[in-house]
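Given the sequences, and given the hints that come with them, work out the whole structure.
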Amino acid sequence: MKTSIVKDMWIAVMNKTCDSLESVKEEVSLDLKRKSVSKECFFAGIINTYTNEATYLYTDLNTALRRQTLGYCPASDDLALGPYIVIYQLLLLFWDELEKESQQTYRRMILCDKDVAKYKKGVKFSWQCFVSSTIDKHCATPFPTRAPLKRRS
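Position 36 of the sequence shown, counted from 1, bears residue number 86 in my numbering, the numbering being contiguous throughout.
Mixed in with the good hints, there may be bad ones.
[As the list claims (entries may be wrong)] DSS-like cross-link-like pairs, simulated, lysine-lysine; straight-line CA separation at most 27 Å:
no.	residue 1	residue 2
1	Lys83	Lys150
2	Lys187	Lys150
3	Lys83	Lys52
4	Lys174	Lys187
5	Lys174	Lys164
6	Lys85	Lys57
7	Lys52	Lys75
8	Lys171	Lys187
9	Lys89	Lys66
10	Lys66	Lys52
11	Lys164	Lys150
12	Lys168	Lys187
13	Lys85	Lys66
Derived by calculation from the structure, the hints in this document are not laboratory data.
In C-alpha cells, the structure reads:
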C-alpha cells in the first residue's frame, strides 16, 4: 500500500511538472510526459528538455527568471514554469546520477552592454538563471541561435 502511495505521488509530480511547461511549450510538455515512463527517465527528460536547443526552453525559462530580478511583476506564463524550475534546480544540485563535468567548458551568451559591464576581474555577482555549457568550443560558438525575448511592458 505504501509503495502505491509513493508511486502515485511521483506520477502527480511528473504530471504537474510536465503540465507546467504547457503554457509556454505545449509540444515539449507532451513529449516530456510521453518519455517519463520511470523516475529516472523523468529526471533525464527534465535535464534534456532544458538543454535541447530545438525547444528554446532555456530562453523562455531564463528570460522569465531575469525579468523577476528587474522588478517585473511576473506573467502567468512565468509563474506556471515554477514546478519545472524547482525540479530542474533540485536535479542539478542533488541527483547523484548527473555526472559532474571536470574538463574546461565553454559558453557563448548573447548579452546587452549593461550585463557585459558586470564582468570585471574580482567582481562577484549572480544571475537568476540557469546556464549550460559544452566541452566542445566549436559547439559553443554558434550557441544560442535565438536572442533573448524583449522585455514585456
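Here's how the hints hold up against the structure:
no. : hint            : verdict
1   : Lys83 / Lys150  : holds (26 Å)
2   : Lys187 / Lys150 : holds (18 Å)
3   : Lys83 / Lys52   : holds (24 Å)
4   : Lys174 / Lys187 : holds (25 Å)
5   : Lys174 / Lys164 : holds (15 Å)
6   : Lys85 / Lys57   : holds (17 Å)
7   : Lys52 / Lys75   : violated (34 Å)
8   : Lys171 / Lys187 : holds (22 Å)
9   : Lys89 / Lys66   : holds (14 Å)
10  : Lys66 / Lys52   : holds (21 Å)
11  : Lys164 / Lys150 : violated (31 Å)
12  : Lys168 / Lys187 : holds (23 Å)
13  : Lys85 / Lys66   : holds (15 Å)
In this structure, the hints that do not hold are numbers 7, 11, in rising order.
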